[in-house]
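**Student:** Using the sequences and the hints given, assemble the complete structure.
There are 2 protein chains.
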Amino acid sequence: MDGTFVKGFLDPASVALIGVPRATGKGAFNVLENLLGFGYKGKVFPINPKLDSILGFAAYPTVKALPQVPDLAVVAVGRERVLDVVRDCAEKGIKRAVVVTQGFADADKRGGELQEDLSQLARASGLRVVGPNTLGVINHFAPFSTSFVDIPRDADPWPVSVVCQSGIFHAGPESFTGKIGKGIDIGNACDVGFTECLEYFARDPQTKVIVIHMEGLKEGRNFLKVAARASKEKPVLVLKTGRSEAGGKMALSHTGSMVGEHQVYRAAFKKTGLLDVADPEELTDAVKAFLFLPPIRGKRLGLISFTGAGAIMMADACEAYGMEIAKIPHEELKAIQELAPEWFRVSNPLDIWPPIMWGGYDRAMDTALKLLLESELVDGVVFISAALDSPLHSDLDPEERLKDRPYKETKPVTAWLYGDGTQQMAERLEKSTGVMVYPSISRAVSALSILYRYHLLRKRKRVPIEEIPAAKAREEVLMGEKALRLLDESGIPPAPYQVIRSEEEALDAASQLSYPLALKLISPMALHKTEVGGVALNIRDAHGLINAIRDMKDRVSQRDLTIEGFLLQPMVNGIELIAGIKRDPQFGPVITFGLGGIYTEVWKDFTLNLAPLDKGEAYEMIEGLKGKAILEGIRGGPRVDRAYLVQLLLDLSALAIEMPQIRELDINPLMASPHTCLAVDCRIIFG
Amino acid sequence: MDGTFVKGFLDPASVALIGVPRATGKGAFNVLENLLGFGYKGKVFPINPKLDSILGFAAYPTVKALPQVPDLAVVAVGRERVLDVVRDCAEKGIKRAVVVTQGFADADKRGGELQEDLSQLARASGLRVVGPNTLGVINHFAPFSTSFVDIPRDADPWPVSVVCQSGIFHAGPESFTGKIGKGIDIGNACDVGFTECLEYFARDPQTKVIVIHMEGLKEGRNFLKVAARASKEKPVLVLKTGRSEAGGKMALSHTGSMVGEHQVYRAAFKKTGLLDVADPEELTDAVKAFLFLPPIRGKRLGLISFTGAGAIMMADACEAYGMEIAKIPHEELKAIQELAPEWFRVSNPLDIWPPIMWGGYDRAMDTALKLLLESELVDGVVFISAALDSPLHSDLDPEERLKDRPYKETKPVTAWLYGDGTQQMAERLEKSTGVMVYPSISRAVSALSILYRYHLLRKRKRVPIEEIPAAKAREEVLMGEKALRLLDESGIPPAPYQVIRSEEEALDAASQLSYPLALKLISPMALHKTEVGGVALNIRDAHGLINAIRDMKDRVSQRDLTIEGFLLQPMVNGIELIAGIKRDPQFGPVITFGLGGIYTEVWKDFTLNLAPLDKGEAYEMIEGLKGKAILEGIRGGPRVDRAYLVQLLLDLSALAIEMPQIRELDINPLMASPHTCLAVDCRIIFG
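These protein sequence lines map, in sequence, to chains A and B. The first sequence begins at 9 in the working numbering and counts up one residue at a time. The second sequence begins at 9 in the working numbering and counts up one residue at a time.
The hints are simulated quantities; they were obtained by calculation from the structure and are not laboratory data. Mixed in with the good hints, there may be bad ones.
It does not matter which identical chain is used: a pair holds within one copy or between any two.
As the list claims (entries may be wrong) - Think about it this way: if two alpha-carbon atoms lie no more than 16 Å apart in a straight line, the pair counts; the simulated EDC-like pairs of lysine to aspartate or glutamate are:
1) K34 with D397
2) K469 with D622
3) K416 with D568
4) K537 with E572
5) K34 with D403
6) K117 with E474
Keep in mind that this is a model prediction, so the values were computed, not measured.
**Tutor:** The following block contains the structure:
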């Protein structure tokens, strides 16, 4: 399963088309007709028992009747016939099939069952299936296409490969990637999925940028492993849709309603170096940047504006997209300052309008460009230019100023143009100067920001992502002492505790701990101690302790709960945090961290990442809290040493990897003080 | 100052061009040449003492030498000569001037002084000035333009009028409004500003949509008054730039660093019914929607997709833009369900691909459109359609399906197209069917969402915005008792308190209050009591009280502070809030509200709005808190009655209007319990 078989889908020497319709022309959606129009040069075998020939090709009644074994079968028969047809293909010795047919897991229960059967058939026979519910594959290089929509072949394709769950990425690339070279619509992904396609494209020399359109994923950690490798080879952009869907929510005991699936996906993408994009427009912008701009090495931008208003919009965009306006000492701006009227003080963003009016366009633009392109304080350049059709302004043309500059090898340059000549000038600039033009100032800046995100992700040392064997465990819940002991053995220090069963033991234990104390019920039947009155806090003395035990026994006996004993703990001061493990059905163990109590509940202030974590990631989880200032010591509160928290998260991560049978683990509260970080209570669910 | 004079800027019968250059043609930026090219039919008087004639027009040495008084002067001389020239204009009897020249408040100190002089000259002479630092005005209807950039006249202008602070809105409307009818670049706005232009365009019959590009505002509450009226007449869209600029920050004593200017602007826009847009693309989308779509009456959208993937993206977009997917009972979808294969269950968004494959495009699209356009559960419709150039797909054409439907009068319909035929189909659809096509699914949904925002803003009853006379007051600070008394007189109940000066008085007072008590220093020199040790909390008995007084005296005497006395209060339980007034230099009194303590400090969880508030706005300020769940009663905390908080905010608002001399007022903390809401401490700054 290293993905090499994928090539056979994209460039088969022969193909059987099963279920080719009789009709051709308008409204027929005839795969054969489209395939021929696309320029396919291989052998074609249409299969239709009711036809002798179609479009000049001899038709065969079944796959078994074919004179040779084709490289690929494209199956477009009614859903009830698909299994028989694919079985025939396997028996004939065909290795690959695209199942176009709809009405499987995308539809009703019967469809789900049919898909499960198809999936099993693929596994049992070794015949690999793309689909069902797909437009199949497209390859503008080969050329080859299985599309029942007539897509014109692009004679000059971009080295962009798409793995998607919808044919619109093949049929309408203008709206998503600009152009496309190869595409695999995995549809319902009953067999071939994202992982193998990604693995293939990562090594495909005709692919420079990989684009993934993902609605959902079934391949979990294996996908992560491959993604982490692929993203080192080339940029992998992910458009994840279905963020608003309810399904698949995680159910952390405290944060259950808050941890949307999408957050886990985002964490997974970031961890493996994939670049998630917010929408199709950001995707288009990014593809263009990765294909046609040199890499960026930092976030300091040099900005050239034609107008003061534009300079302000550029500054707004830099802040919005996390880029910096390069700080350039006025001394270094001398060359351009000299072209401006004396009342005008130049700074970055350079408003070159006054220098244009004083010294002419060519000198102003030449000077500004040279300055920013050569400055060591600048990592990338964005400029604004008027693009006016009027012959009176044909002198305002950046093209000549940009040609023959060596920046193409060193710094990315993007531009935004305004005026009635925008489209023509944009085409000229992109063709002859390597500057990429974007439809707004924001997008010109955002395109560089995604290059910068890629720069950071590539630089980063990655935690190796291991497969974690699925561990079977019977459903079991550990609470109180047992849970704290497990933490203790894993290097996570619990707050001191003693288990007591009688009043005498309690007084004994109290003398070893120190007042004020907390008393907690131990009962396997009480998942939520507070709710059954199983927690008493701030017990100040022996008298209080005895009363607390008696009161608790009273309350608990009214509810018919077994009392295994009580946990006695000193009250721990500090900042209340929570931390935990939650097994994601897709990606395995997820580590969560947050401020405790109402902070998590009301402000949803928590972070998460997939295990295993490295130090940097643990640090990021702490820094990612909106309320992190609380950890700095605020209003006389303690300042918490980050090192303790980082260590705790790393220990949790190790525990999550070592014990895959943990389904859920919640440390709540975790009390952090300047020099300790203690688990006060914990609940662990196996299974 | 009702704005009627603005007409004379946009449609003058005669114009003097002062400082016309000798050069014409490429790179000359010659206003006269451009004006003639634009098709101006009025009288033109070029002024240049060094020329006899230019472009066939007799040139005059000065304004005074003109044979008649022109309606308008366009001044483009060096900045040092501007004042003399404008004075000449005024003396000649000219009523309006556009000052194109740069180098005023946009430049150095000298420029600022020159602008101040120009401003005074305008006020003194009655000659109205647009500029300086401007491209001036443009009017594609008249036609008339003062632009030194050659902008082609649009023979078919849109009824869109722009008031801006940059010429790019005149020269590059493609990037901002699509097209433009009239535009006034107010530049540095030394005289004519947003308010008068807005007032004029609100009543101009050639204007259906008003667009404002604002960097900053000097006209404050007067602008608000006019904006509130204008936005009832027609949609007013505002693109506010410079959000990342540091300047002009408000300095609330606790929230000073957090209340960005931009939040106050946003509050002002919302209050007056202006629609702020995030970026130029949203602006373009909105203009098109307001010009060419009927109003929307609700947020329930009927969605038609060609693909399952598109349906998911539509759902994502609805959530992102606050629109709802109309809930349509399956019963009402019968007509389209009947066209689909039995395994396919139709719901909104309607994926019509299976119905197309089963029953053909025409029937599927007709049925889906009829259903959604006629449903009373649907307020607007968005559809996705393939737009493929291939003759094999010429049947997939929504144009015929949309023509001759009465929806244009009832519901807005937007679309997103994909495929190589997108541009052509978009043009056809927009022209012949009134459907507006947008470049992404998100933008097709977002365009309807801005229509919905306008619907809500129009429906809303507005608080009349009064001018608040600037009140002079000497700088003065009220704290403790004095501040609480002022609140009390304004209907805002303070927590009980007694002022004491001796230990005896303290014990006396304590017997009338109830322990635990709080003791607070009264000293005009100590603005921040906590920092000087001037606060003692949770005093449990008489002994503790005496100690607290002695300790505080000790601490304070070490700092050489005058002690006027002490404030004694019972400890008040409840939820800690803050509320206050802050005078914005632009818009006058701003009311702030938030959760107290670290919530404000760490999570920046507060809201604000301009006074006067109405009940709805007060309620919104409470609902706008991210942590509002705390007010609902959480973890055994009290549930606060919203009515008390609303009343408090209304009382604060009334106080702010009645006492314009208040520069800053902070109630901190404000303690809210189920049935009270008490000001525990307060500081008021006058001046």
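**Student:** None of the hints should be skipped; say for each whether it holds.
**Tutor:** Against the structure, the hints come out as follows:
In this assembly of identical chains, the alpha carbons of K34 and D397 lie at most 16 Å apart only when taken from different copies (12 Å versus 41 Å within one copy). Taking identical chains as interchangeable, the C-alpha atoms of K469 and D622 lie at most 16 Å apart only when both belong to the same chain, with a minimum of 9 Å there against 56 Å between chains. For the identical chains of this complex, K416 and D568 are neighbours neither inside a copy (77 Å) nor across copies (67 Å), given an alpha-carbon limit of 16 Å. For the identical chains of this complex, K537 and E572 are intra-copy neighbours only, at 13 Å inside a copy versus 52 Å across copies, given an alpha-carbon limit of 16 Å.
In the homo-oligomer, the alpha carbons of K34 and D403 lie at most 16 Å apart only across protomers (7 Å), although the nearest pairing inside one protomer, at 50 Å, exceeds that limit. Taking the closest pair of Cα atoms, K117 and E474 never come within 16 Å of each other, the shortest separation being 35 Å inside a single copy and 65 Å across copies.
Of the numbered hints stated above, those contradicted by the structure are hints 3 and 6, listed in ascending order.
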